Amino acid sequence: MPLRSILQTAHALSYYMRRQEIVANNLANASSTAFKGDRIAAHLSADGPWPEAVASLDLRQGNQRETGRPLDLALEGAGFLVVRTPEGDRLSRGGSLSLDPGGILTDGHGHPVLGQDGPIVLAGTHIKIEADGTVLSGGEPAGRLRLVTVADPATLAKRGSGHFATEAALLPADAVMVRQGMLEEANVEPTTGMVDLISIQRAWAANLEVVRTMDSVLGTVTGEVGKV
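Numbering (the numbering used here), first residue to last: 5 to 232.
It is worth saying that the hints were derived from the structure and are not from the lab. For clarity, every value in this text was computed on a predicted model and none was experimentally measured. Each residue gets a CB set at the ideal place from its N, CA and C atoms; glycine is no exception. Accuracy of the hints is not assured; some may be wrong.
[Claimed, not checked] Here are the in silico distance ranges between beta carbons for each label pair:
1. A179 with T217: 53 to 63 Å
2. M181 with A32: 21 to 31 Å
3. P176 with G114: 25 to 35 Å
4. A161 with N67: 17 to 27 Å
5. A135 with S165: 39 to 49 Å
6. Q205 with L140: 33 to 43 Å
With these hints in hand, go ahead and build the complete structure from the sequences.
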């Protein structure tokens, strides 16, 4: 049996396993606020004419869900909040915000959400967030959310907790609208994902059966050669 056939089948198994990982991760985060799924593309492997599953970020906007909570917000348009983390400033669309004990506006993981002049501190109640990102507390301006776009979205890399990092320039997101009392849902379609997962598993199983057949044939051939 040609070595090329064995290599081709082995790479096919690796390809389908990687596709399964990507789809499974999308499905696992289908209920995560503002989660951005990964698309799958097939590229030729660097070490031969074999398919390789490559993930690319799907930045399509998810549906918006009304919550009525004053510190929930959804971004309408291609833009991000800027969040300060121990690893540096990160980008996020996760709009489930909170206040820490010092009144600093934070994301759902306790990281300060930045305004135009740094972290936003809210001293009063009756919080209102305008469409342009201006934050009012007790009717008084407390700051304005720093809303940005990325000069080269292809450079965005996931960093966990709904955060993204990029080496590209950040630009003002003047066209982005802030919707208070709303949350953006994941842009993952669970039904489509489940159909893809079943298809991938079937293809993986078919290739695994080919490997088993090859192993059986090679074993038989080796045994016959040993008798000579």
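*Hints breached by this structure*: 5 and 6
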